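**Student:** Spelled out from the first residue to the last, the chains are:
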Amino acid sequence: MCESCVDRIFSSGPAPCPVAGCHKTLRKAKFRKQTFEDIGVEREVDIRRRVMQILNRREEEFATKRAYDDFLEQREMIIANLVHGTDVAKTETDLQRYAQENLSSIRANQALEAQEATTFQERQTLEQEQARLRREAARQEYENERRELLAGREDVLSRLAAGRAGDAAAIAREGQRVLLKKSSARRSEEERIRQKQAVLRGSELRKGVAAPTTAGITGAPDSGLVKGLKKIEVPVPDKPYDPFGGLVPDKRDYYTLQEHYPSTYLDPIRQDTRMLAGGYDLREYYSRTLLEAFAGLGCFLDEELSESGSLDASKPVATQGAAMAAATSGGNASKA
Amino acid sequence: MIEDEIYRSSSQFRLWSYTESSLRDLRANTNAVASDRVRAALQRARQARQPVNPNGSNAETAIDEKEIECLNPEEELELVRYYCEKTLELGETYKPPLPTNVRATAIQYLRRFYLTNSPMTYHPKSIMACALFLATKTDNYYMSLRQFADGIPGDNTTAEDVIAPEYLIMQGLRFTFDVRHPFRGLEGGIMELQAMAQGLGQPAPHLPQQTPEDLRRALHLIPPNPSASSSSSSSSSLTDRIAHAHHNTRELLKTAAQMTDAYFLYTPSQIWLSALFIADRPLAEFYLFTKIGSPASLPPSTSSSSSSTNPLDALRTKLIHTITSCSALLQAYTSLSTGPEQMKSLKAIAKKLYHCQNPEKVNLAGQKRDSANPSPAASTPAAIAAAGGEGASESEMERIAKKRKLELERKGREANDIFGGELVTERTKERSLQ
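Going line by line, the protein sequences match chains A and B.
Under full-length UniProt numbering, the first sequence has 240 at position 240, and the numbering climbs by one with no breaks.
Under full-length UniProt numbering, the second sequence has 226 at position 226, and the numbering climbs by one with no breaks.
Please note: incorrect hints may appear among the correct ones.
[To be verified] Quick list of in silico lysine to any residue cross-link-like pairs, SDA-like style, CA-CA up to 20 Å:
| hint | chain 1 | residue 1 | chain 2 | residue 2 |
| --- | --- | --- | --- | --- |
| 1 | A | Lys251 | B | Ile2 |
| 2 | B | Lys402 | B | His355 |
| 3 | A | Lys251 | B | Pro311 |
| 4 | A | Lys251 | B | Gln202 |
To be clear, the hints were calculated from the coordinates, so they are not data collected in a lab.
These numbers come from a predicted model, not from an experiment.
Same shape as in the complex, but just chain A:
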């Protein structure tokens, strides 16, 4: 449709499509300039752009490479359907439903894409700027060199003119050497710059790879349309740290530890500075004796050993050990 027609029909707000049999309502804002000569290509690009905006899942969001490839194929299928007009209504509703259900992830991915685009742009301009600077520097250098060369030549000539005839060869050689030194210095300088740039480029590249991995968290659970998405793992909040692994310190089942027990031969210790000076605490003794008094009271060896069979496991080890000892020492004796 030509520009003047669009102006004529749609300047006063939305209007129905002028094509016979098409009942769509169109707006002026949605019209734009044709990019491609072929209207079919133009249409496909349009459709592609729209579908890509909706189905904008990223590779990091998929559990496997295969799932991502399937997704790409599916997307191409949808685009093809829309372009060639097969099953348009169903495809269209699927797409709309998907767009509604995954609004947030679509938005997030769009934002991510935009961000990537801007950073790419920035990097691009930066690189161009740097290249320009480099070129500038190189030109400057050549200029300098040329000037120096000329100056050197002049210098040699003037010295030759001023000096005696015998010195001529020596002066000429000297001038040559100075020139060589200069050029080699320049070459090494160039080398250095090139290396630095290579390193810079490498780090940028790596940064570019590392950046998009943050996208994974914005994914959504498997929707009807797209399969094989990564399960989103909601990190379980850490439990408060328990240094005793569920045990209650100083909890005892058989006895209650007291601060003091009357005892005729322990009580003097409580006043004895010689004992207490080293940090001896009688409570240590209390807790240890009482613990040993009851540790294992409820372990019934005959039951526990026949149940667990730990004994059977340990027995052969012991006999083996004994046999080994006997064999080695016996071997020594017989060897001797």
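Given the coordinates of chain A, assemble chain B onto it according to the supplied hints.
**Tutor:** Frame of chain A, contents of chain B only:
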């Protein structure tokens, strides 16, 4: 119960706990293996002897064959027990005497060692001293080796003799040196009983309804000890009674608990409670019931919380059963050196052992030296000498046989000594061979 979990992490529980049947099987197995080895070793010794006197009669070999009569597990056990008692006495000879803990540890080392080794392979006399020395180290009772060797009666036991089987013992102990004794547990129990007697007792965590005053009154009301003489128990105060029970229990733990298989079959706390049962049954019962609830107090409490008392109930039944069997084991013990009957059987065992001692394991110190410098030229004669003098001529063999007989007679006389003088005779025998 959390205390039980703490005990379950100990090496004594994990490696050195047995049931009666498994203990028996293990000993029988050890005995069988050792017997086979002794027979093979004696066979080898004889074969080594044969090239020297190739026209030695076959009849003699046949007699030798018949002579090899190995100890059975019961005899081995009795022998080990005898040397356990000897360990106690040896600890007594030092000045000051070695602490009970050290001696008890040494005895347990001996017992553990002879679970997987036979006295036929390693004679307990050589192992015993080293086990005691090892126990002084593991129980933090420092003593230099020289000091220790000097303290052993029977004059010339050198430091090398003591230390020779050290690695062997460590291996036999599976490198677990921790022995959980019931002694400290007894101190704790008595300490708490004394506190209760003075009305300072605290209720057990699972029976919070107890009050210190209740405990004190109940403790004063317990019936007098039926086993003690009536005059002392009725007249003396409660504190004295506890002290008395303490003393008796300790004595039991020092002897009966060490000489029997109690350490292998029961846990230390069960052992000391069983010993207390023997010493003063009403007192021990009272103490135990303050911890896990008495059967008498059960009927009123069942109505309130039957579910919570049930595990305690089951525990109590099992525990009383275990403690009864343990105290039966402890009570069955009688000292070996008391009865002449037992001494006689011991002598017979010692005699038997003399013939079925594995000749390749006799000279532990020498073996150690051999393995230290295994140059064949130097060690060959020594090894032959150690293995019973295979290189000797026939006349020498006769002479040795006669000497052996004499020694046996002398050993019979000396068996009543602390050490029987066997180390000395072995030494003289070696010297004569060299």
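**Student:** Of the numbered hints stated previously, which ones are contradicted by the structure, given in increasing order?
**Tutor:** none
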